[in-house]
Structures are given as C-alpha cells and as structure tokens.
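Visitor: Protein sequence lines, in the order shown, are assigned to chains A and B.
Start counting the first sequence at 1; every next residue gets the next number (my numbering).
Start counting the second sequence at 493; every next residue gets the next number (my numbering).
Derived by calculation from the structure, the hints in this document are not laboratory data.
Since the model is a prediction, treat every value here as computed from it, not as a measurement.
Among these hints, one or two may not hold up.
Partial pick of chain A residues on the chain B-facing surface, computed with a CB cut under 7 Å [what the hints assert, rightly or not]: (1) Phe26; (2) Leu53; (3) Phe196; (4) Gly331; (5) Gly341.
Ideal Cβ positions, reconstructed from N, Cα and C, are used throughout, including at glycine.
In case you want the letters, here they are:
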Amino acid sequence: MIEHFAEGALMAFSLDTILMIIVGLFSGMLVGALPGFTTLMAMAILLPLSFFLDPLVGIPFLLGVYKGGIFGGSIPAILVSMPGTGAAVATSIDGYKLTQKGESRKALDMALYASVIGDTFSDVFTILMIFPIALLVMQFGPPELFAVLLMSLVIIVVTSGSNPLKGLVMMLFGLWLAQIGTDPMGGVERFTFGIFDLKSGIPLLPMLMGVFALPEIVYAVMRNEKVGGFAKLVGARLSMAEFKRCIPTIRRSTFIGTAIGIVPGLGQVVAAMMGYSAAKNASSHPETFGQGEVEGVAAAEAANNAVNGPTLVPLLTLGIPGDNVTAILLGAFVAQGLRPGPQLFEEQGAIVFAILVAMVLANLMFIVIGYLSIPFFARIVTIKTGLLVPIVIMFAFAGAYVFRSDTTDILMLVGFGLFGLLARAAKFDVMPMVMGFILGGPLEYAFGQTVAMAGNSPISFMFTERLGMLAVLIATPLIGYALWRRMKTATN
Amino acid sequence: MFLKTFKKTVGTALVATLGLGTAAYAEYPEKPITLVIPLGAGGSHDLNARVITSIIPTYLNQAMIVRLSPGAGGQKGTQEVANAAADGYTLLFSHNYIDMLQQHVENLPYDPNADFVPVARVNYAPIAVVVRGDSEYNTFEDLINAAKADPGGINMAHSGNWGALFVPAAQIMKATEASFNLVPFQGGGPAMQALLSGDAEVTMGFPSTLSALLDAGKVKILATAGEERIYDDVPSFAELNIGGDVGFMHRVVLAPAGTPDDVLEKLAEAFTALQEDKTYKNMMGRLGENTDYISGGEYQAMREGQNAAYKDLVDSITK
Chain A
1 MIEHFAEGAL
11 MAFSLDTILM
21 IIVGLFSGML
31 VGALPGFTTL
41 MAMAILLPLS
51 FFLDPLVGIP
61 FLLGVYKGGI
71 FGGSIPAILV
81 SMPGTGAAVA
91 TSIDGYKLTQ
101 KGESRKALDM
111 ALYASVIGDT
121 FSDVFTILMI
131 FPIALLVMQF
141 GPPELFAVLL
151 MSLVIIVVTS
161 GSNPLKGLVM
171 MLFGLWLAQI
181 GTDPMGGVER
191 FTFGIFDLKS
201 GIPLLPMLMG
211 VFALPEIVYA
221 VMRNEKVGGF
231 AKLVGARLSM
241 AEFKRCIPTI
251 RRSTFIGTAI
261 GIVPGLGQVV
271 AAMMGYSAAK
281 NASSHPETFG
291 QGEVEGVAAA
301 EAANNAVNGP
311 TLVPLLTLGI
321 PGDNVTAILL
331 GAFVAQGLRP
341 GPQLFEEQGA
351 IVFAILVAMV
361 LANLMFIVIG
371 YLSIPFFARI
381 VTIKTGLLVP
391 IVIMFAFAGA
401 YVFRSDTTDI
411 LMLVGFGLFG
421 LLARAAKFDV
431 MPMVMGFILG
441 GPLEYAFGQT
451 VAMAGNSPIS
461 FMFTERLGML
471 AVLIATPLIG
481 YALWRRMKTA
491 TN
Chain B
493 MFLKTFKKTV
503 GTALVATLGL
513 GTAAYAEYPE
523 KPITLVIPLG
533 AGGSHDLNAR
543 VITSIIPTYL
553 NQAMIVRLSP
563 GAGGQKGTQE
573 VANAAADGYT
583 LLFSHNYIDM
593 LQQHVENLPY
603 DPNADFVPVA
613 RVNYAPIAVV
623 VRGDSEYNTF
633 EDLINAAKAD
643 PGGINMAHSG
653 NWGALFVPAA
663 QIMKATEASF
673 NLVPFQGGGP
683 AMQALLSGDA
693 EVTMGFPSTL
703 SALLDAGKVK
713 ILATAGEERI
723 YDDVPSFAEL
733 NIGGDVGFMH
743 RVVLAPAGTP
753 DDVLEKLAEA
763 FTALQEDKTY
773 KNMMGRLGEN
783 TDYISGGEYQ
793 AMREGQNAAY
803 KDLVDSITK
C-alpha cells in the first residue's frame, strides 16, 4: 500500500493532470456561479470528453469541475443572496450580510479558505482511513438516516433564532410544502388539486431564488441609491487575525462535515446547517451570527466541503455510487477500464492513489485560482444599481426557468418571492422553512423505508435490531433541550 | 443538333438545380434535434444519451441536443414530447417501464399507445437476481422456497415503485407465487448498498454494474433475465419458467405519433448506421452497455406485448 501511494503520488504530479485540473476548476467555478446550472449538469456533459483523455487527466478534470462548482455556488449566495443549491443556503446567511456591510471580499476569501481546508482534511482523512470508513458506512441504513435527519431538524429549529416557536412554524410549513406532489412510497398524489405541474412537487431552485434573492432585490431598489444597491464597497481581504479566530470553527465544521459524509444519504445541506448551528451555539457571541459574522461563512463552507471525501468511499471500495455525482465518476472510472470495487486497490492501487492525490492537489491549486479571481467577483456588487438590479433579476428568472425548462417554475419563483417579502415583514425567518422543505422528502422516505423494513414486528425491530436509531431518537430531545437552554442564556 | 443538346443540357441543369434546391430546403433535419430524457442528470439514460448525441450528428448532419426533464416519475418529460410538434425535432429517450407500465398504475396526461411511435430500441440491460456472497441462498430455488416458507419475511431492496428493479421482482413473485417484502431505495446503488450492509437479503442489479463485486465474492447471482445464460453457471429466467419479456430494461427512442414517414425513415437510417460505428460501440462498451439495436417497427410489436403483460401484472398485484 505504501509503494502504491508513493507511485501514485508521482503519477499525479504531471503537467497534463495539473493543467486539466485547472481547466476543470475554472469551468466548474463559472458553471457553479450561474444560477440554474448545476455542477451535476456540467459533469454529465463533460463526461464523454473524459473518455478520450488519459485516466489521470480525465478523472482529475471531472473532480476539478466538481470542486470548482461547489465553491462557485457560494459566489452568488454571498454577493446577491442567491444560493443556487441547498448547500449554499447556510453560506448566504452571513455571507450576504457581510456583502451589505461592504465586506464581500472578506466573505469570499473566508469561503474559499474554509472550503479548501475542509475539503483537504476530509480528503486526507479518507485516503488514510478508507477501509475503516468503508466498514462504518455499512452501519447506517434508512432507520439511522431517519433518526439523524429528525435530529438535524430539531437542532436547526432550536438554534435558528431568538424565537424558536416562529422557527418551528416555518419549518412545519416547509415540511408541508415537501408533501406536495406524488408520494414517493405509495405513488398517491397529495395536495396537487389535480394540477399536473404540481405532480412532481415543488422545485427547490425557484424556492431558493424566490425567498432569498427576490426580497433582497426589492430592498436594494427601495434603498434608492445610485451606486451599490447591494453594497458600496468590496472591503479589505481577510486578515490573518480574522482567519486565526475562525480556526476552531473550521476545525469543528470539518469534523462535522466528514462525519456527515460517512452517513449515506445525508449530504452537503445537512452538513452546512449543522456546521453553522454548532458554530453559533459554541460561540460566546451567538447574536452576531446572521448579522455578518465571518465565522458563520467559515462554519458553513468548511462543513459542506468536508462531506466530499467520505462520499467517495462506497464508490471506491464497493463500486456503488451513492448519488448522481458519484454515478458520473463511476462512469468515468469504468470507461477508463478501472473497476471500482473491493479489488480496485489491489488491481490498480497506484492509479487510485494518484487520483486521490490529484484531489488534494486540486484543492491546493484552487487556493491560487480562487485568490486571484475573488477580487473580480467581489466587485460585481459595486456595479451601478440601475444596471445590476436588472441583471440580477434576469439571472433569477433565467436560472429558475433553465433548471427544468418549465414556465411553471417562473410562477413559483414569483410566488415564493412574494412569500419571502411577507415573511420578512412579519419577522419570520425563511431558513427553517427551506430546511424543512429540503429535508422533509428524505425524512419521509427514510421513515417509509424503516416501516417497510420493520415489517410485522416494529417493536422488536426498534428495540433489538436498530439500537443505533433508538439511541439517536432518545438523544434528540435531550440535545435539543440542552442547545435551547444554551442559546437562551447566551442571547439574554 | 447543337441547339437540341444545349436545350437538353440547360434543361437538365435547371431541373437538377431546382430539384436539389427543393431537396436541400425540405430535407430533414435542417436544424438541431432535441432529445428529451424524462429522467435526472447522471443516470444511465443521461450517460447513454451523451454517447449517442456525441456520435449521431455524423449520420444526421445535425446536432442532437439532450434536454433533461425529470419529474413525476418520468411523466413530465414524456408529456412534453407528447405535446410537441410531430416534426421529428423533438424526440423522447425513455424506457419500457415509463413507456408502457405507468398507464396501468396512474392517470397519465397522455396516451402512450396513441401518442408515440418507436424510432429505435437503442440497447437493453438484463436484470440479475443478487444475494450477498455469504448468503444462505445458493440457488434461485433456495430463495423462492425460503420466501414461500416465510411470506413477506425476506427483504428485497429495489430502486423505487414500478421501476426497473421493482417490476421484475413483482413479475418473479407472480410467476413463482413467492412473496418478498419489497423495500424501496433511491436508486440501484443505494439498493445494492442495503444488500451488502444486511438491510436486505436480496436485490436486483444489471450485470454491467456487478462484475467487481462478483469477482470479489461480495455477491452471488442466482438468475439472469432472458432465454440465454449470461453466466455459465447461473440459470436464465426462461430455464426457471419465468418466460416472456421479463427483467429487460429497454432504452428506446420514441417520436410523437404523426411524425412523417420520411422523417422516421431518416432517423431509422441514422440509428442503424450508429450501431455500426466503431467509436459508438467502443464508448458504449466502456460504459458497460451493449449496442443491441432493434428497429422501431419491430419494437412496436414488443411494446404491445409489454402493454398486455404489465396490465396483467398490475391487476394481479393491486387486486
């Protein structure tokens, strides 16, 4: 294994590999920054291209697109409060507030460093611990997933704001919205009123654009300033002192993100929110979170990127893709004659380690690319209001449409935009609603699976076979209560 | 004489020019063709379509563009093509379960039998019945006998109701009168993971995705779809008396009904030529897919058979 590693590391340091990683990172960042286009689409389109490249060029190229895309998504989230994916929602909470304070450059810098650190540590951890992780992954099935999702929702509510009751109302509303459409287990239509367009449920992207971006655009117009409806300044770069202050947060979030990456089916959204909630809860000044706290950006970004390493484990050790991104990577592996699976490390250890080393290399190169391009991105917000607002509106509408090429989504966007304005006027935070909506589907699905698995003996299933689920379910109210107490004393 | 020749030459030239001109104007395809996939990004249809659309322009002299339109279990994209103009510029890339089964379990906003004509069956994937390497079931009979002894006691992981793993499972249950507890997972990958982690005792998978696990002894294959054996020591469904078009996922290109015959012909020519293309075969091989092509007309007969078989199946389950 050691000699495979050394050989692989040498293979990764070739000019072609490094050049194509850079191309991948750059194109991924651009695609990720465009609302409505997803990293997944970019990867699917670029996959056939990788067939014709050397394995050590093609696969690192796709990994570059993937990594670039995740960071790219946080750019509009920070600059114009337009998170294109659920994973960027937590980043936009404090990121956009920093932009409004004229510190967009600092927010982007922090997002970059936190994502790269989170990603690198989780990659290195994955390389070193790949076989123990593979065993651990097997311990989590739908019952455990259900319990952890439920716990995540409780944590989000109790740490959401000064009034957890309002958070709860919004989350329940989000959970209800997630019910609309065809029931994933039985195929029964719910709350669709016979409208075909509602049958596939409410799409996430128009909701995100609607509740987060549209109200900000309206407020930017209402401020009626000639220059900088979103922000006047780009501010200074992140200082060393500020970075040092965030190190414990980045460390915590990296740990949380890596752990969440091990549980199949949880993913980046949960990681980002848990990282954010934990940082807020551990802080001696939780009231600054949500008001432009650079630590909040660090917490969210480190956590959602730290998910990446462990999610590759089932793919590499069993050949099983857990989601569509890893399915595309599987396609790329197979096309190159590599067969991910139990024997991959014996048959082609050197190449696999070369790919893993290339992942770490990609992270390091991304620091340079990101550092150089951030000043350009950061200045977007200082464009004249009269020019910027129409551009942002266009991107919001185009993004909502292009995602599924469906005009209904534009109506959804406007509807959620109005709802976002109302909620803001009534001082209801939309974030718990969005989280309830995103996690509601998986929660219900995991519950349905658990019930199906338990069959005719739910009691013995819960108390003898699935003690992990039981433990999490018992711990949930205790953790929820403890966090609530802490938040209460800290804010008072 | 000279005049006559001159007249003839000019006449021929004129006819030729005009004729060519008209042909060039009217000949399909004169603009890019959209291939709608009613499924999400990154799935096997998406990847197959990326290969097809990167090669077929050679034979159509026009680009073919993939448009993903997932939602409502495939109905959203299917409806879009059903409503599109029948001019050959909007095609559907679907599979037999969306195409022929859904009409029996849901109210569809289109009629798959009347609204579509098949252009080509591009390839197919046969299903295999899979258990863990250390499973107590060594043959298909072992599994069926155990399921009969304990109806609903054996968990069978599948990739979603009425999907590519669920339907063959239901057809096996119908043919053998055994009963499994069908547990849904979000895709074939998570279903396989459930098998390996012990959350399920049996699942289904496509041989192209199984080879690494099989060689490592992590899984055993008990049966594979079709008449012929795929593995020398594993019986086919036909040998086990599970006959008919069971356990095949057919990837099929459909056009809206009413598409002109010359357009369909042109498409058929392109898809036939595609099957002979070396790069195409090579790339499909790399994805682990076959290039077993069936013409639209021939597939129509299979569709009608599927329609009847699925109707029977749904009636027997939901009754």
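Visitor: So, Phe26(A) near chain B? Judge it on the closest CB pair being under 7 Å.
Guide: Violated: closest Cβ of chain B sits about 21 Å from Phe26(A), beyond 7 Å.
Visitor: Is the shortest C-beta separation between Leu53(A) and chain B less than 7 Å?
Guide: 13 Å, violated
Visitor: Taking the closest Cβ pair, is Gly341(A) under 7 Å from chain B?
Guide: Nearest chain B Cβ about 2 Å off; hint holds.
Visitor: Per the CB criterion, is Phe196(A) less than 7 Å away from chain B?
Guide: 5 Å, holds
Visitor: Taking 7 Å as the limit, does the beta-carbon of Gly331(A) come near enough to a beta-carbon in chain B?
Guide: At 5 Å from the nearest chain B Cβ, Gly331(A) passes the 7 Å test, so the hint holds.
Checked against the numbered hints above, the structure violates hints 1 and 2; every other hint is satisfied.
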